[in-house]
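Asks: Chains as they are written, first to last, in this note's numbering: chain A, 1 to 416; chain B, 1001 to 1309.
Everything labelled a hint here was simulated from the structure, so no lab data went into it.
Mixed in with the good hints, there may be bad ones.
Only pairs whose alpha carbons sit at most 20 Å apart, straight line, appear in this in silico EDC-like list of lysine to aspartate or glutamate [as the list claims (entries may be wrong)]:
(1) LYS250(A) with ASP273(A)
(2) LYS1056(B) with GLU278(A)
(3) LYS250(A) with ASP277(A)
(4) LYS116(A) with ASP169(A)
(5) LYS1056(B) with ASP270(A)
(6) LYS116(A) with GLU160(A)
(7) LYS250(A) with GLU206(A)
(8) LYS250(A) with GLU278(A)
(9) LYS1168(B) with ASP1084(B)
(10) LYS1168(B) with GLU1186(B)
(11) LYS1056(B) with ASP1302(B)
(12) LYS250(A) with ASP218(A)
(13) LYS1056(B) with ASP273(A)
(14) LYS1056(B) with ASP106(A)
(15) LYS1168(B) with GLU278(A)
Quantities reported herein were computed from a predicted structural model and do not represent experimental measurements.
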Amino acid sequence: MELLRLATAGSVDDGKSTLIGRLLFDSKAIFEDQLESVERVSRQRGDEYTDLALLTDGLRAEREQGITIDVAYRYFATPARKFIIADTPGHIQYTRNMVTGNSTADLTLVLVDARKGIVEQTRRHAFLASLLRVPHLLLCVNKMDLVDYDREVFESIREEFAAFASRLDVADLSFVPVSALQGDNVVQRSANMPWYEGASLLHHLEQIYISSDRNLIDPRLPVQWVVRPQTTAQPDYRGYAGQVVGGVFKAGDEVMVLPSGLATTVAGIDSFDGPVDEAFPPMSVTLRLTDDVDVSRGDLICRPLNQPTVGQDLDAMVAWMTERPLRPGDFLALKHTTRWVRAVIRDIHYRLDVNTLHRDESASSLGLNDVGRVSLRVTQPLFYDSYRRNRQTGSFILAAEDTNVTVGAGMLHGPD
Amino acid sequence: MDRGRGAVGQYQLSQLQNIEARSVHIFREVAAEFERPVLLFSGGKDSVVMLQLAQKAFWPGRIPFPVMHVDTGHNFPEVLAFRDRCVEAMGATLVVASVQESIDSGRVAEEGGANPSRNRLQTRTLLDAINEHRFDAVFGGARRDEEKARAKERIFSFRDEFGQWDPKNQRPELWSLFNGRHRAGEHIRVFPLSDWTELDIWQYVASEQIDLPPIYYSHRRQVFRRDGMLLSVGPHVSLREDEEVFEATVRYRTVGDMTCTGAVESSAATADDIVIEVAASRLTERGATRADDRVSEAAMEDRKREGYF
């Protein structure tokens, strides 16, 4: 059984929570006690129908205000796949949550209200999904019941969105007309829309091909932890533990350790469950090397003929996530793969309007929920790939040095 | 039956291998970046799976941190015996934080009533132990599928010097880049099983042949019915007038205090039987068996804010 991580985004009343509630309910991932508790609350509030949104809105403030305030994770499984949903709110002040949800997603599900069509938020969500390089984008045209299941409405939204998406970097785009409230095309194909010949939403999620989305070309292992048991049974064991974030490693492979640049070979790949023939993303393994080279946390194991960029001057798209604006000259803590370094902001080249994609080159700072192109310098060289090429070796987070709070996310540019 | 364990194709992990790899990654990050981590271990299935994952993360080295049990004094004796066996087999160090000692020293007061629950009191004992041992990272076995408030919590969850969780002010958590930075006196709760569901846990127990306390499996037991749950007869639970004891074939889906954990009628005697039973179940494990979550719509959220697990 495969795992598919999906991120959802939608405006406050696009019916996103209802759609997820419906998906969970119809795929039988909702339990009777959860449903009873939702029915009870709906009755108390005097709702006309059971509000499935209450299944996902977990915090007190959310139930009181009828909004979603933070990323919530939901789980369901069908015989084909297990799904992890990162459910993110759509209000403008919570763009940071959308970036967060999309960072690990295989697929982003964007919802539009069939009566309203493409709105500013739809474009913003699609842009953020493409910025975070989510491989699959699925546009759900919801509330089809309120437009009499009219094909023309769906087609015109589809055309308008496809035209916009052609300006983005979206590898795979698909469309489904649904009614979350009525359950049309969510799990079963709907008899109300015979003109729609595609798969139901759930069927889409089960079928989308995700195996080729990972980087299996560039071998990369950021060292997390050096395993040295120092026991009488294993006095000299030395292994380098980490999660493979690119390519494939095998025993006998010639490898290079950065930053030392020393070349050696893989003596063996170990795991608690026995030797590993081939290590590939996202396996967590332990590599033993033939030569006794100096390797520590933060180092990177790659191949001599396939090395990442090594550098201290970085160029990145940064999503800013806190009230205090980002300005040139600011010092921040930066985490990239398994190392923390200090960074200083050198320049802000432009701020990108996430609704129009317009570049504002006069911008001299980034505010909360802004996205912009930034150059920075770090205290030690990083071993990185462009984010386009590798989402793990191409990303970093920024933390404030005084409060320790995560304040920004960066996607590195570099040679593709 | 497909346990989700076998590889699904070339260079493709099954979903269980996938979440296992991420959990191992989390253990290694914490061991590398924190000075004094500790793993909360109750002997319950989630904490046993956590311990297994920790063992995998550092193998062939030993787990580089101690385990801690917050002992309410109301635990099932079978679970305490299992806890000791398990910790000894792994060669791990066990720290026991006792709610009874917190009561005796006047840090907390026992709730009133015939069968007081010590569920809420555990929070003080836990926070005192974290301070005393200066633990800066605390692994917990909470899963996001268990409860709505837990569904919104980060994998690295910041706690201020009062141990409080602020759900509206959480750090964004992107990619696999976890931010464990904190000041002295603050700590991070770490939840390596965040993405695991109850079914995943049981599939893993089955495929890894993990040993669990016997009360998880079907057995005959003296029980009585209260608030729709089957509670066990024992020293901390006294019967009300209208309650009647009978013998039933039951098992436990969760393991908490004897005062608030209910059994379910079941004939599932092995982990494989339970996988089938859980897959068909129409009740969540906490809804079916935990009185502590039934206090209000936001019972878990309120306890978590105060520093609960």
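Asks: Given the hinted pair LYS1056(B) and GLU278(A), is their Cα-Cα distance within 20 Å?
Replies: holds, 18 Å
Asks: For a C-alpha distance cap of 20 Å, please report whether LYS116(A) and ASP169(A) respect it.
Replies: Status violated; Cα separation ~25 Å.
Asks: Given the hinted pair LYS1168(B) and ASP1084(B), is their Cα-Cα distance within 20 Å?
Replies: violated, 39 Å
Asks: Do the alpha carbons of LYS1168(B) and GLU1186(B) lie within 20 Å of each other, as the hint requires?
Replies: holds, 18 Å
Asks: Would you check the hint for LYS116(A) and GLU160(A), treating anything up to 20 Å between C-alpha atoms as holding?
Replies: Given that 20 Å is the threshold and the Cα spacing comes to 13 Å, the pair holds.
Asks: Straight-line Cα separation of LYS250(A) and ASP277(A) no greater than 20 Å?
Replies: holds, 6 Å
Asks: Verify the proposed pairing of LYS1056(B) with ASP270(A), using a straight-line Cα cut of 20 Å.
Replies: holds, 10 Å
Asks: Within 20 Å, alpha carbon to alpha carbon, are LYS250(A) and GLU206(A)?
Replies: Violated. LYS250(A) to GLU206(A) sits at ~31 Å, over the 20 Å cutoff.
Asks: For a C-alpha distance cap of 20 Å, please report whether LYS1168(B) and GLU278(A) respect it.
Replies: This hinted pair is violated, its Cα atoms lying about 43 Å apart.
Asks: Check whether the Cα positions of LYS250(A) and GLU278(A) lie no farther apart than 20 Å.
Replies: Judged against 20 Å, a Cα distance of about 5 Å means the pair holds.
Asks: Below or equal to 20 Å on CA atoms is what counts here, so check LYS1056(B) against ASP273(A).
Replies: Answer holds: LYS1056(B) to ASP273(A) is near 8 Å, not above 20 Å.
Asks: Are the Cα atoms of LYS250(A) and ASP273(A) separated by 20 Å or less?
Replies: It holds: about 16 Å lies between the C-alpha atoms, which stays within 20 Å.
In the structure shown, a violation is registered for the earlier hints numbered 4, 7, 9, 11, 14 and 15, in ascending order.
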